[in-house]
Each structure stands twice: as C-alpha cells, then as structure tokens.
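S.K.: Residue strings, one per chain:
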Amino acid sequence: MTRLTIPKTYKLYIGGKFPRSESGRSYEVRAADGAFLANASLASRKDARDAVVAARAAVSGWAGATAYNRGQVLYRVAEVLEGRREQFAQEIAASEGVSVADARRQVDAAIDTWVWYAGWADKFVQVAGAGNPVAGPFFNLSVPEPTGVVAVVAPQGEASLLGLVRVVAPALVAGNAVVVVPDEAHPLSAISLAEVLATSDLPGGVVNVLTGSPAELAPWLASHADVNALDLAGAGQLEWVDLDISAADTLKRVLRPEPGVPAASLDRVLAYTETKTVWHTKSLI
Amino acid sequence: MKDIQPSGRGFLDYAPAPESTAILHLRDSYGLFIDGEFRDGRGGSFATISPATEKRIAEIAIASDADVDDAVAAARRAHSTVWSKLSGADRGKYLFRIARLVQERARELAVAESLDNGKPIKESRDTDVPLVAAWFFYYAGWADKLDYAGLGANPRALGVAAQVIPWNFPLLMLAWKIAPALAAGNTVVLKPAETTSLSALLFAEILQQADLPAGVVNIVTGTGATGAALVRHPDVDKVAFTGSTAVGREIAKAVAGTHKKVTLELGGKAANIVFDDAPIDQAVEGIVNGIFFNQGHVCCAGSRLLVQESIHDEVVDRLKQRLTTLRLGDPLDKNTDIGAINSAEQLERIRTLSDLGEQEGAERWTAPCEIPENGFWFAPTIFTNVQTSSTIAREEIFGPVLSVLTFRTPAEAIAKANNTPYGLSAGIWSDKGSKILAVADKLRAGVIWANTFNRFDPASPFGGYKESGYGREGGRHGLSAYLQPGRVEVAEEPAKRRSGAGRVEVAEEPAKRASRSRRPAKKGESK
Numbered sequence: 001m002t003r004l005t006i007p008k009t010y011k012l013y014i015g016g017k018f019p020r021s022e023s024g025r026s027y028e029v030r031a032a033d034g035a036f037l038a039n040a041s042l043a044s045r046k047d048a049r050d051a052v053v054a055a056r057a058a059v060s061g062w063a064g065a066t067a068y069n070r071g072q073v074l075y076r077v078a079e080v081l082e083g084r085r086e087q088f089a090q091e092i093a094a095s096e097g098v099s100v101a102d103a104r105r106q107v108d109a110a111i112d113t114w115v116w117y118a119g120w121a122d123k124f125v126q127v128a129g130a131g132n133p134v135a136g137p138f139f140n141l142s143v144p145e146p147t148g149v150v151a152v153v154a155p156q157g158e159a160s161l162l163g164l165v166r167v168v169a170p171a172l173v174a175g176n177a178v179v180v181v182p183d184e185a186h187p188l189s190a191i192s193l194a195e196v197l198a199t200s201d202l203p204g205g206v207v208n209v210l211t212g213s214p215a216e217l218a219p220w221l222a223s224h225a226d227v228n229a230l231d232l233a234g235a236g237q238l239e240w241v242d243l244d245i246s247a248a249d250t251l252k253r254v255l256r257p258e259p260g261v262p263a264a265s266l267d268r269v270l271a272y273t274e275t276k277t278v279w280h281t282k283s284l285i
Numbered sequence: 001m002k003d004i005q006p007s008g009r010g011f012l013d014y015a016p017a018p019e020s021t022a023i024l025h026l027r028d029s030y031g032l033f034i035d036g037e038f039r040d041g042r043g044g045s046f047a048t049i050s051p052a053t054e055k056r057i058a059e060i061a062i063a064s065d066a067d068v069d070d071a072v073a074a075a076r077r078a079h080s081t082v083w084s085k086l087s088g089a090d091r092g093k094y095l096f097r098i099a100r101l102v103q104e105r106a107r108e109l110a111v112a113e114s115l116d117n118g119k120p121i122k123e124s125r126d127t128d129v130p131l132v133a134a135w136f137f138y139y140a141g142w143a144d145k146l147d148y149a150g151l152g153a154n155p156r157a158l159g160v161a162a163q164v165i166p167w168n169f170p171l172l173m174l175a176w177k178i179a180p181a182l183a184a185g186n187t188v189v190l191k192p193a194e195t196t197s198l199s200a201l202l203f204a205e206i207l208q209q210a211d212l213p214a215g216v217v218n219i220v221t222g223t224g225a226t227g228a229a230l231v232r233h234p235d236v237d238k239v240a241f242t243g244s245t246a247v248g249r250e251i252a253k254a255v256a257g258t259h260k261k262v263t264l265e266l267g268g269k270a271a272n273i274v275f276d277d278a279p280i281d282q283a284v285e286g287i288v289n290g291i292f293f294n295q296g297h298v299c300c301a302g303s304r305l306l307v308q309e310s311i312h313d314e315v316v317d318r319l320k321q322r323l324t325t326l327r328l329g330d331p332l333d334k335n336t337d338i339g340a341i342n343s344a345e346q347l348e349r350i351r352t353l354s355d356l357g358e359q360e361g362a363e364r365w366t367a368p369c370e371i372p373e374n375g376f377w378f379a380p381t382i383f384t385n386v387q388t389s390s391t392i393a394r395e396e397i398f399g400p401v402l403s404v405l406t407f408r409t410p411a412e413a414i415a416k417a418n419n420t421p422y423g424l425s426a427g428i429w430s431d432k433g434s435k436i437l438a439v440a441d442k443l444r445a446g447v448i449w450a451n452t453f454n455r456f457d458p459a460s461p462f463g464g465y466k467e468s469g470y471g472r473e474g475g476r477h478g479l480s481a482y483l484q485p486g487r488v489e490v491a492e493e494p495a496k497r498r499s500g501a502g503r504v505e506v507a508e509e510p511a512k513r514a515s516r517s518r519r520p521a522k523k524g525e526s527k
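Chains H and R are the protein sequences, given in the same order.
Residue numbers for the first sequence follow our numbering, so the first one is 1 and each next one is one higher.
Residue numbers for the second sequence follow our numbering, so the first one is 1 and each next one is one higher.
Derived by calculation from the structure, the hints in this document are not laboratory data.
Fair warning: this is a prediction, and the values are worked out from it, not measured in the lab.
Keep in mind that the hints are not guaranteed to be accurate.
As the list claims (entries may be wrong) - List of simulated lysine-lysine pairs, BS3-like, C-alpha gap at most 25 Å:
id: 1; chain 1: R; residue 1: 334; chain 2: R; residue 2: 320
id: 2; chain 1: R; residue 1: 145; chain 2: R; residue 2: 55
id: 3; chain 1: H; residue 1: 282; chain 2: R; residue 2: 442
id: 4; chain 1: R; residue 1: 416; chain 2: R; residue 2: 122
id: 5; chain 1: H; residue 1: 17; chain 2: H; residue 2: 46
id: 6; chain 1: R; residue 1: 442; chain 2: H; residue 2: 123
id: 7; chain 1: R; residue 1: 122; chain 2: R; residue 2: 320
id: 8; chain 1: R; residue 1: 145; chain 2: R; residue 2: 93
id: 9; chain 1: R; residue 1: 55; chain 2: R; residue 2: 334
id: 10; chain 1: H; residue 1: 282; chain 2: R; residue 2: 435
id: 11; chain 1: R; residue 1: 416; chain 2: R; residue 2: 320
id: 12; chain 1: H; residue 1: 282; chain 2: R; residue 2: 432
id: 13; chain 1: R; residue 1: 416; chain 2: R; residue 2: 432
id: 14; chain 1: R; residue 1: 145; chain 2: R; residue 2: 122
id: 15; chain 1: R; residue 1: 85; chain 2: H; residue 2: 123
Claimed, not checked - In silico contact screen, one side only, chain R against chain H (beta carbon under 7 Å); selected entries:
id: 16; residue: 15
id: 17; residue: 66
id: 18; residue: 455
id: 19; residue: 459
Think of the CB as a built atom: it goes at the ideal place given N, C-alpha and C, for glycine as much as any other residue.
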C-alpha cells in the first residue's frame with residue numbers, strides 16, 4: 001500500500017514566525033500541468049505593515065552583529081539549503097514545469113549565491129570605505145552602513161528560488177532587514193526558503209516573506225514611511241513608475257526593474273548602504 | 001561673566017574695517033552663459049540685491065525654457081564633439097587652471113559673495129573661496145585616474161549633468177557640482193539660486209580666462225521655474241541638486257522612471273551632542289560655529305543642541321555669554337561675525353518658526369545686538385525648554401536659531417538625535433574616545449563631527465541618510481556619482497540565462513563589474 005502523503009500548509013513568514021494572512025485569504029498555486037499544488041497565503045496591506053514593523057525591529061540587532069557573524073549566518077543558509085537540495089528541486093520542477101535536472105541547477109546556483117554573498121560581509125566595507133586625507137588635524141573615515149528596511153519585489157516568472165535569493169541575499173550582507181514579495185505564480189520555494197532561513201540562525205524579522213500579489217502589495221511598501229529602500233527588480237510588469245514616484249515622497253533609495261534574474265554583484269550590496277563619514281579631532285601634543 | 005559687555009562697547013569696541021568693493025568690476029546687467037559666451041535671456045530679468053542694504057547690485061537674466069533647451073544642447077554638443085574626446089590629463093589641466101584662477105581672484109570673489117549673499121567676509125574669504133579652489137584642485141587630479149574611482153576599468157561619463165544649487169554657499173556649491181562632473185568627463189548646465197547668481201557669473205568669466213571649450217559649462221540664471229525646466233529636460237543624464245527636502249521630493253518625482261541618475265543633498269536637523277565630560281570651552285565654540293556659522297544657513301547646521309542634563313545650565317550660560325560678544329552687521333566688515341539673512345522671504349520663515357517656538361512653550365533668548373536699519377537681519381537666538389515634539393526641534397529653520405534639549409544617558413542622546421526624518425550630520429563632544437566611537441556608530445547621519453563641527457574638505461564625502469537625500473559629494477564617492485561602469489564585452493559574462501521553459505541560470509562566477517544593463521540602476525549613487 002502506498003502511504004498517504006502529508007501536504008504542507010504554506011503560510012507567510014513575518015518576524016520569524018509563520019502566520020497565515022490576517023485577511024484569511026489564500027490563492028491556488030497550480031503546477032505547469034494544471035495540477036493543484038497548494039493554497040498559498042494571499043498577503044494583505046496589513047500583513048505588509050506587520051512585516052515592516054518586524055523588519056524595523058530586527059535592523060539594529062542584525063546591523064549590530066559583527067561582519068564575521070553575518071557572514072557565518074549567510075553561509076549557514078547555504079549549508080542548510082544544500083541539505084534540502086532535493087526537496088527544493090522537486091518543488092521547483094513541479095511548480096515551474098522544468099526538468100528536475102534544470103531545477104537542481106537552479107538550486108545549486110542559489111546555494112552558490114549565498115556562499116558568494118556570505119564572503120562579502122566582512123569585505124565590502126574595505127572596498128567601499130575610505131580613509132580621507134583632509135587638510136587639517138583630523139582622523140577622517142568613511143564607511144558604508146546599512147540603509148535600514150528594504151522592500152523588494154522579487155523577479156516574477158523567472159527562476160523562482162534563484163530570483164528571490166539574488167535580491168534578498170545582497171540586501172542582508174550589510175545588515176539590512178528585508179520585506180520581500182516573491183514570484184506570485186511560483187511562491188512555494190519562497191516559503192520553503194523561509195523555513196531554511198528560520199533554521200539558519202538568521203534572527204526573526206530580518207527577512208519577511210509576503211506571498212501574494214505584487215500589484216496589490218508594492219504600492220503600500222513604496223509609500224510606507226518606515227521603508228528606506230525599494231527594490232523594483234521584479235516590478236517591470238507593474239506600474240513601476242508610479243511606485244517610483246510614490247517612493248519619492250519619503251526619498252527612498254530606489255532600484256529600478258531589471259529583466260530576468262539579477263546577476264550576483266557587489267553593486268547590489270552597496271545599493272543598500274549609506275556612507276557615513278566621521279571626523280575625529282586629533283589633539284595637539 | 002559680568003566683565004564682558006555687549007558688543008560695540010568697552011574693550012570689544014572695534015572700528016569698522018570694511019573690505020573695499022573697489023576690487024569688483026561688475027557689469028550693470030548679466031546675461032546667461034551659454035556655449036562659451038554671455039547672451040541675453042528670453043525670460044525677462046530681475047535685480048539682485050545686497051541683503052545687507054537692499055540696494056540693487058546688478059540685473060540678472062531669467063532663462064526661458066528655450067534658453068534652457070539651448071544650454072542643454074550646447075552641453076550635449078560640447079560633450080560629444082570636444083569634452084569626451086579630450087584625454088583625462090587634459091581635462092585635469094583645465095580644472096587645475098580653474099583652481100589657480102580662483103586663487104588669483106580670491107579676494108574679488110569673496111567680496112562679491114559677501115555683497116550678494118550677506119555672509120561675513122571673514123567666512124567667504126577664509127572658508128568659501130579657499131574651499132572652492134581646493135575642490136577644483138582635488139578633482140583636477142582625479143580626471144586622469146578614473147580607473148581607480150571604484151567602478152572598474154574605463155568608467156564612462158554620464159553625459160550632460162543638470163545641476164541646481166542653493167543660495168547659502170553659492171560659489172562653493174557650484175564647485176562641489178562642477179568640479180567632479182568635469183573631472184569625470186561630463187558637461188554641465190548649472191542653475192544658481194535666484195538670490196545669489198553673481199558669483200556664478202564671475203565664475204563664467206574665469207572659465208573664459210581658462211579657455212575652457214565652449215559649452216562644457218553653461219550657466220542659466222532665473223527662478224525656480226528655470227531649475228524645474230532644467231531637471232525635467234529629457235536630454236540630461238544626471239541631476240544633482242542641493243536644497244530643501246520639499247524641492248528634492250519634487251525632483252525625485254520628476255525624474256522617476258527616467259534614465260537620469262540623481263544625487264540629492266537636502267535638509268537637516270542635526271543634533272550636536274555635548275556630554276558632561278566634554279571640553280567645555282571647545283564645545284561652546286563648536287556649538288556657536290555649528291549653528292551661527294553663515295547665519296545658520298547651513299543644511300548640516302547643528303540646530304539641535306543635546307546637552308547632558310548635569311551641565312545644561314553651565315553650557316547655556318556660557319553660550320549666552322559668548323553670543324553676547326558676536327558682532328552682527330555689515331558683511332563686508334572684517335570684524336563681522338553674523339551677516340545678513342539672505343532674503344526677506346527667509347527672514348520671514350525664521351521669524352515665523354521662532355514665534356511658533358515661543359507659542360509652543362519654549363523659552364526664547366536673543367543676543368543683545370543692534371540691528372541695522374536696512375537689510376534683513378536676525379539676531380542669534382537660543383531656545384531652552386524645548387520639547388522633542390516642538391516644531392523648532394523638528395523643522396529645519398535655516399537661520400541663527402538654536403534649540404536646546406537635554407538628555408541623561410548616551411542611549412537617550414542617541415535616541416533623541418535619531419528622532420528625525422533627516423539624517424545629514426551630527427556632532428559629538430566628549431573627551432572620552434571610546435564613547436565617541438560608540439555613539440558615532442549609532443547615529444544615523446552621513447557626516448559626524450567629533451569635537452569639531454562644520455568641517456568640509458574635498459577629500460571627505462558629504463551627504464545624508466533618510467530624507468536628507470542620497471548620494472555623496474566629495475572624495476572618491478563624489479566622483480563615482482558622475483560615472484558609470486565601462487562597457488564590458490559579452491564574452492566576459494559567463495552567466496547563461498535561458499528563456500522559456502527551462503528558465504535556469506547556471507551557477508556563475510558572480511559578476512565583476514557587469515555591463516551597464518546588468519548593473520542595478522539606482523537613482524541615487526551612494527557608493
């Protein structure tokens with residue numbers, strides 16, 4: 001006799017917990033062949049606001065962790081993901097309709113992305129910072145610091161896991177907290193990734209995942225006064241210029257839409273940083 | 001304390017020592033500087049006045065939309081035919097020339113600046129103009145070293161830069177904008193502030209003396225409408241703005257969805273934190289410099305004094321005593337500490353906000369000084385008993401008005417300092433180095449001064465967090481704001497992206513500096 005499987009309930013990931021949408025809404029996720037896969041939570045405006053609150057609360061702890069510690073946590077994500085490689089491959093193959101071999105390659109690329117960004121955590125400050133030779137008796141240093149809370153529309157309709165990792169991982173390197181809306185049509189790997197994050201020593205609230213409609217959620221995130229940066233990577237199909245205009249009200253840092261899956265790049269790390277320059281007075285001796 | 005008398009009496013009674021305006025050879029009217037020469041504006045004109053006397057200095061042209069079109073076209077032409085073809089070394093030589101010409105004509109520029117802006121001559125002479133020369137000298141040396149700017153090999157200029165600057169440091173803000181833009185290989189259309197166009201027009205004469213190729217720098221004077229037309233112009237590639245957060249928001253909206261790169265340097269409400277272990281003498285001087293330098297017309301001014309409760313009374317007493325010795329008056333007088341407020345409009349704003357401070361329960365103290373009959377003046381003012389919720393503790397006043405608040409612990413100081421949508425600058429006063437480092441770490445501001453304030457240097461990046469804007473000016477960071485990565489051949493890109501069913505990216509050697517299309521396009525450049 002074959003064993004009856006236990007399907008997973010896919011919920012949101014907010015503040016380190018897995019709540020359903022406060023709205024009680026969900027939406028059907030179907031495989032490429034039309035088979036029913038799951039009911040994903042359909043996040044609401046209130047969920048988005050809760051996620052921003054959780055992200056804000058998490059910033060100081062994550063940004064305040066040592067660079068070495070952040071690097072180890074990001075590497076730990078790669079380790080845990082590696083251990084669940086096959087689960088992700090099956091999930092992605094079913095959802096996206098790609099071969100299991102292609103899905104494995106996607107998972108591998110995602111794992112390698114975590115490793116690559118993990119290594120940046122204790123290096124980007126040296127690359128982007130500066131000791132400044134000012135004309136006076138001052139010790140003057142510029143260092144990049146995290147921008148704060150970053151809201152992200154992940155790539156849509158592309159490799160769902162890799163697209164998500166390519167936008168979330170770089171934001172975490174400097175110590176930002178993230179609220180991300182993953183691929184609407186293929187949200188399952190995002191929630192499975194949240195399970196990985198939850199068991200990788202990443203503090204609760206540092207990443208918050210809102211499955212649902214980017215068209216519905218993005219305007220609330222773009223206008224939210226406690227969001228510091230807006231990544232529109234996957235918003236190319238939305239009215240993204242309106243989002244850009246809305247973000248201007250609070251002078252958010254805005255990354256514009258990109259086709260496909262963004263490349264792994266230091267620019268994505270630095271895009272979520274602010275340069276702080278400190279002048280220390282030297283005494284006369 | 002009693003032996004120090006109000007200014008104008010006793011041993012502090014100085015004879016007037018005005019700088020002569022004979023060094024100036026001003027024209028009666030100035031046109032627009034487009035394509036290497038002055039030409040009439042088509043939008044009418046206005047008189048620029050001295051805010052200290054309200055007397056007319058000269059007639060300034062107003063650029064119409066068509067004039068802005070012409071200026072952008074001249075900049076585009078100069079970029080594609082001349083400036084982009086010059087070697088970096090030659091671009092640098094022009095900038096070195098400009099630096100030297102500014103030094104040669106330093107006194108003249110300082111007098112013009114103080115006349116038109118109202119700032120004390122000792123500041124324009126000792127701060128503004130020397131920094132202008134330093135800025136050009138610093139960026140001149142970058143022009144042939146762009147490979148080291150942090151964007152990989154062969155970075156490229158953006159093209160035409162539209163630059164709009166404020167009235168508080170007219171010539172210095174011009175230098176902050178033009179020097180890095182030209183070093184990086186861009187051409188420029190610059191719009192000076194309406195009330196302070198004069199020094200920019202003298203600077204145009206310097207460009208002629210430097211024989212800078214026509215169209216590389218164009219200067220269009222006028223009102224806010226001229227600036228709006230410039231930043232909205234479809235053929236500009238870069239927008240750089242320094243000014244109020246309100247206007248910055250409008251500009252961010254205007255460029256939303258375009259290809260333009262933007263840097264915004266906006267308002268501030270800086271906390272100047274004085275701990276009880278601070279060197280009090282220096283701290284008092286630093287507080288005065290922080291808020292009364294340039295009549296408080298400074299975006300990074302230390303307008304919120306956070307003083308540790310145990311030393312509040314002592315600090316406030318000594319501040320009042322010190323302010324009593326400041327001399328307010330003729331900006332051209334070498335003894336003047338506090339000059340004129342830049343415009344009637346700004347004076348009105350300062351008065352309104354100060355009155356509001358009183359109405360909301362803060363205690364007002366004004367330095368005893370004589371106010372000249374004509375012109376726009378506001379005596380140095382301190383508010384004590386200010387609540388964090390008070391309007392004068394939240395809104396930028398942009399005048400010689402200090403709000404004093406207290407704290408008990410470093411944690412409280414940090415929380416209060418960060419309790420603002422702005423994040424431009426902050427000051428820390430303490431003799432304990434480890435405390436300074438810890439507090440500096442926690443302050444959300446782009447520039448932090450420890451046991452000093454209002455220091456500027458071309459090698460030091462300057463710019464804000466949060467609603468104080470984005471991007472940095474100064475240093476390598478300020479240079480990269482005018483550059484984009486060089487073109488990378490496709491062969492270097494190992495990433496294979498398949499479209500359609502097998503959407504997969506192979507694990508790639510993650511990008512070096514990727515080609516332009518793969519670099520995330522960020523509006524502000526905060527490298």
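S.K.: Run every hint past the structure and note whether it holds.
M.R.: Verification of the supplied hints:
| no. | hint | result |
| --- | --- | --- |
| 1 | 334(R) with 320(R) | holds, 23 Å |
| 2 | 145(R) with 55(R) | violated, 47 Å |
| 3 | 282(H) with 442(R) | holds, 21 Å |
| 4 | 416(R) with 122(R) | violated, 34 Å |
| 5 | 17(H) with 46(H) | holds, 16 Å |
| 6 | 442(R) with 123(H) | holds, 21 Å |
| 7 | 122(R) with 320(R) | holds, 22 Å |
| 8 | 145(R) with 93(R) | holds, 13 Å |
| 9 | 55(R) with 334(R) | holds, 20 Å |
| 10 | 282(H) with 435(R) | holds, 15 Å |
| 11 | 416(R) with 320(R) | holds, 24 Å |
| 12 | 282(H) with 432(R) | holds, 13 Å |
| 13 | 416(R) with 432(R) | holds, 20 Å |
| 14 | 145(R) with 122(R) | violated, 35 Å |
| 15 | 85(R) with 123(H) | violated, 36 Å |
| 16 | 15 | violated, 32 Å |
| 17 | 66 | violated, 28 Å |
| 18 | 455 | holds, 5 Å |
| 19 | 459 | holds, 5 Å |
The structure fails to meet hints 2, 4, 14, 15, 16, 17 from the earlier list, while all remaining hints are met.
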